[in-house]
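Just so it is clear: in the sequence shown, position 365 is 365 by full-length UniProt numbering, and no numbers are missing.
The set of hints was computed from the structure by calculation and includes no laboratory data.
Do not rely on the hints blindly, as some may be mistaken.
[Unchecked claim] Here are the computed lysine-lysine pairs in the BS3-like style, where the Cα-Cα straight-line distance is at most 25 Å:
#1 K242 x K214
#2 K204 x K252
#3 K286 x K348
#4 K214 x K204
#5 K70 x K236
#6 K242 x K80
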Amino acid sequence: MAKTVINVENLSKRYRLGLKEKKAETLAGQVANLIKSPWQNLKRLREMSRFGVEDESVFWALKDINFEVKEGEVLGIIGKNGAGKSTLLKILSQITDPTSGRIEIQGRVAALLEVGTGFHPELSGRENIYMNGTILGMTRREIDSKLDEIIDFSGVEKFIDTPVKFYSSGMKVRLGFSVAAHLEPEILIIDEVLSVGDYEFQAKCLGKMEDVSKNQGRTVLFVSHNLEAVSSLCTKAILLEKGQNTFVGSSKEVVNHYINKFKGKGSFKKVWDLQEGSGEYPIKMKSIQILNSPEEGQAIGREQDLMIETIFWSLKDELKLNLSLHLYAITGECIFNVFSQLPAPNLKDGIHTSLCRIPGNLLNEGSFSISMMFVKDSSTIIFNLDHVLQFELVEKNRIESNWYGKIPGFVHPEVEFRIYD
């Protein structure tokens, strides 16, 4: 049975807001601050003496975090911005002290948290490799044996003897990851800084993390907003929300929980009361829904046809009406707009049903919404259901490959594309 290499119990980190003095921008302001400084210092001392007292100025970046990581596991840490992910990694990397709680770490830790972290700007890339290896307790001979591999993986061999202060952000990330991954720490901690690199290098990094865990038995902690990479690469994951780990489990379980809770709060159906409707307009709504949808809040497989059913009453005979469906990405872009049959049919008074089928394997993974417009005489909008349905699409029948990233774009259609002899 694999041994536990990281054990975190009731870990908390607290900050008190508002203790930093705002610097004056003018000479008069600086003089005024100097005169007031004894009173300001006394006020700050009083506030610091009350640091343990709970009030509105106390901010808990982390609160009662508990988890453990086994040797060889890859732990994904996900959550919204400000959830406490980076604070947790800084504590595990011994950059920041916790306010309370207990941490046990067995083994050397190499961390890539921010661009340029761990590098001396005046030293060359080569010199920084040796410095980092020495910090990890490696001998010069051990570093020598890894040097060519580190430089080759980083892709910065042309600049390896140039001071790091002249490197671009991407070059620093390349070298930083290569150093952290190849100097054989028992625990590798990677923050979202990989987003600085290009797609090719990101794929190399993800492949290397998989290699060091599966083939070398090392432990990896990986913070990322790339949910597909977390799901594919990590063996387990934790979800942080407002400084607390609200869900722990396998990476796929945690990613699905996160999607359903934060990204895809699906609204698959809306039903109107008989008294509701457009009022002055000649229609009243009964319902609109995605047929054969999962339970409310669950994600839908992108391979599944989406059947949008709209049921409404026509309150007028010979109503020339058609429907216009607008599909939006979560970021607000309209992906497409389609109409029911043209020319518009003449509807009798009474209840009517429309069906719109969006074929499976057309849309990419992501969050989407649907607006439905009722258009009279093919020109006048008489009723608009704005973003009335929301849903999340996920890839449930993924083909195994070495690509961990999300396919770019809003659509991902099936096309005939083959190589022939």
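Evaluated hints:
1. Between K242 and K214, the direct Cα distance comes to roughly 32 Å. Violation of the 25 Å bound is thereby established for this hinted pair.
2. Annotation: proposed proximity of K204 to K252 holds, straight-line Cα distance about 22 Å (limit 25 Å).
3. At roughly 16 Å between alpha-carbon atoms, K286 and K348 fall within 25 Å of each other, so this suggested pair holds.
4. At most 25 Å may separate the alpha-carbon atoms for a hinted pair to count; K214 and K204 meet this at roughly 15 Å.
5. Restraint check for K70 and K236: satisfied, since their Cα atoms lie roughly 10 Å apart, inside the 25 Å limit.
6. Of the supplied pair hints, the one linking K242 and K80 holds, its CA atoms being roughly 9 Å apart against a limit of 25 Å.
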